[in-house]
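Visitor: Residues per chain are reported as follows:
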Amino acid sequence: MKEQEILDSCLDAMSAGASLSSCLEKHPELSAESLRILQAAAQLHHASAQLTPDPAFKRRSRAKLMQRMTASSQPAAAAAPAVAAGLKQRWHDFWAQWRLPSLGGMQFQPLAAVLAVAVILALGGGVVAAAQKSVPGAPLYSIKRLSEQARTTLAHDDIFWQLDIAQRRLDEALVVMDDNTAKVDDLLADYTQIMSDVAEELAQQKKSGAVHESYKILTIVTDQIEQLRQFEGVSAQYEPALRSAIEITSILYPAPKSVTPTTVVWPTPTITMTPMPISSPVKHPVVSTISPATIEPTSVIPTEIISTPSVPVTVVPTPSPRITPPTNNTVKPTVPPTMAPAQQPHPTTTIVAPVPTKSVPVNPSSPSSIRPKTPSFFP
Amino acid sequence: MATTQEQVLISKAQQGDAQAFAQLYDAHVDAIYRYIAIRTPSQQHAEDLTEEVFWRAWQAIGRYRPERPFLHWLYRIAHNLLIDDAKRDARHQSYEGMTEGGYTLSDEGPTPDEIFAQQEDIQQLRQAMSTLTPEEQTVLTMRFFDNASYDDIAQVVGKSSGALRVLQHRALKKLATKLAPMRGAAA
Chain A
14 MKEQEILDSC LDAMSAGASL SSCLEKHPEL SAESLRILQA AAQLHHASAQ
64 LTPDPAFKRR SRAKLMQRMT ASSQPAAAAA PAVAAGLKQR WHDFWAQWRL
114 PSLGGMQFQP LAAVLAVAVI LALGGGVVAA AQKSVPGAPL YSIKRLSEQA
164 RTTLAHDDIF WQLDIAQRRL DEALVVMDDN TAKVDDLLAD YTQIMSDVAE
214 ELAQQKKSGA VHESYKILTI VTDQIEQLRQ FEGVSAQYEP ALRSAIEITS
264 ILYPAPKSVT PTTVVWPTPT ITMTPMPISS PVKHPVVSTI SPATIEPTSV
314 IPTEIISTPS VPVTVVPTPS PRITPPTNNT VKPTVPPTMA PAQQPHPTTT
364 IVAPVPTKSV PVNPSSPSSI RPKTPSFFP
Chain B
77 MATTQEQVLI SKAQQGDAQA FAQLYDAHVD AIYRYIAIRT PSQQHAEDLT
127 EEVFWRAWQA IGRYRPERPF LHWLYRIAHN LLIDDAKRDA RHQSYEGMTE
177 GGYTLSDEGP TPDEIFAQQE DIQQLRQAMS TLTPEEQTVL TMRFFDNASY
227 DDIAQVVGKS SGALRVLQHR ALKKLATKLA PMRGAAA
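If you read the sequences in order, they're chains A and B.
Residue 392 is where the first sequence ends in the numbering used here, and the numbering goes up by one at each step.
Residue 263 is where the second sequence ends in the numbering used here, and the numbering goes up by one at each step.
What the hints contain is simulated information worked out from the structure, not anything from laboratory work.
Be careful, since some hints might not be right.
Short derived list, chain A residues pointing at chain B, Cβ under 10 Å [to be verified]:
| id | residue |
| --- | --- |
| 1 | 20 |
| 2 | 56 |
| 3 | 62 |
| 4 | 74 |
| 5 | 151 |
| 6 | 152 |
| 7 | 177 |
| 8 | 181 |
| 9 | 252 |
Covered stretches of chain A, as calculated for chain B (at least 3 residues, CB under 8 Å) [said to hold, decoys possible]:
| id | stretch |
| --- | --- |
| 10 | 47-54 |
| 11 | 140-149 |
| 12 | 203-212 |
Bear in mind the structure is a predicted one, so any value in this text is a computation, not a measurement.
By construction, the Cβ of each residue, glycine as well, lies at the ideal position given by its N, Cα and C atoms.
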């Protein structure tokens, strides 16, 4: 067994309550480094038994909690989901009993649907619709939350619905931001909780397979991150809310492992010039250029011919300086393959420009997304 | 998954039964306190945060899903709270004054000398823990305080089981590195 495997098995055993000495008896060959790690784990495990809350604190805290729970109205988050949880269970029982068929992937959820319809009928569709625009403190706000919960029973696993509710909390927080910071805190705390649930759901989905429409989710969450920035310095709940949103993005698209930067050495591009036989002198200086921007790896760049007719040139048969390719037909890129008109040694010089074929060899293994730093072909 | 009896209490609490929630508090307050106390510099602060975890849990109990252990759901709340707390102030950095506002350890049996030695150990451990990231702290406390599986921890910190194993190893290595000189100084 390898050292790492021994260490892992010892740690697993110790987390389950085994002692350090029992591990060392089995594996006396462990290195000093592993021993120190196991000692740290043992100290941690030992500490858990010593960290016991003061009984007086427990009594005091319990009483205080009871007082707060009794004094506060039942949390909005608790009321409807409690009904939902009961209905959910009953729905599963019902489903198990009757095995209603599914139609095109859509399953009937009668009890939840009954609840939603009941809420809407009881309150009136218009009231529920009007309530959707309400904000905390408004008379219809509790109806809004109740209708949300009713719908949640129908779509409790629907991530987009969860994100929609989160967006509502965000919108509400923006509305009340100037008047009531405490409410903003509450709304952002709700937002954080919803996003944590979404993150958990996504993590589960990712574990069991692919996450559907991850790009769409990412777009929504990215927008929300932008909106959240407005609460920076306004609410103590800003950071947890932001973090909960970012957590979702990191679940969807985990950051790649860090790569040690390496220097990519690109081969010096070479230009192979194939001179063509001169059939006749040209009347204008011909300048062949290569635009660096056009150079693509693995491509053979055709030479662009630029004529400058404004420069008068008298044709003189001989002698004529010309760009003569080296004997090995290779020109280093530091040597400009062209001559600008201003550089011409004599205005009457005829420049016979061969029609070169330039090929820029590149490293075939190089990723196409990384372009070599193109050397300057021009002064 | 929550036990049947616990599930009954949770269902009642979700319907607004404060007494049922208080029973859940009784069942889990020790674990939550331990989880927090090893990561906070003073007893008072750990108590405040423990109280806050249960208050937040009460407020959010409607969102609890029975598919996961209730304690781990509480851990997640505590995890988020500790991260907020660490960012809100720099109390976690000021371990010098810890002895004055320090913890009283379980006083069942040990002599004053033993209590002092325990306090020293805990303080060293707490100090070393403070150098770890919140995720590393959570992995270690859930593993070695509650023998939680990697799958359970994954639900709290949102990382894969494989990544958590690596994280645990790295965290223990860091912890060991921090504790070694402390042990040497104490000896």
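Visitor: Work down the list of hints and note, for each, if the structure agrees.
Guide: Now the hints, each set against the structure:
1. 20: Since chain B brings a Cβ to about 8 Å from residue 20/A, closer than 10 Å, the hint holds.
2. 56: This hint holds: residue 56/A lies near chain B, its Cβ roughly 6 Å from the closest one there, short of 10 Å.
3. 62: 8 Å, holds
4. 74: Given a least distance of 5 Å, the restraint on residue 74/A holds.
5. 151: 21 Å, violated
6. 152: Violated: closest Cβ of chain B sits about 22 Å from residue 152/A, beyond 10 Å.
7. 177: Cβ of residue 177/A sits 16 Å from chain B, so the hint is violated.
8. 181: At about 15 Å, which exceeds the 10 Å cut-off, the nearest Cβ of chain B leaves the hint on residue 181/A violated.
9. 252: Since the shortest Cβ distance to chain B is 6 Å, the answer is holds.
10. 47-54: As far as the stretch 47-54 of chain A goes, the hint holds, because 5 residues have Cβ atoms under 8 Å from chain B.
11. 140-149: violated (count 0)
12. 203-212: Check passed, 6 qualifying residues.
Violation of the numbered hints given earlier is confined to hints 5, 6, 7, 8 and 11; the remaining hints are satisfied by the structure.
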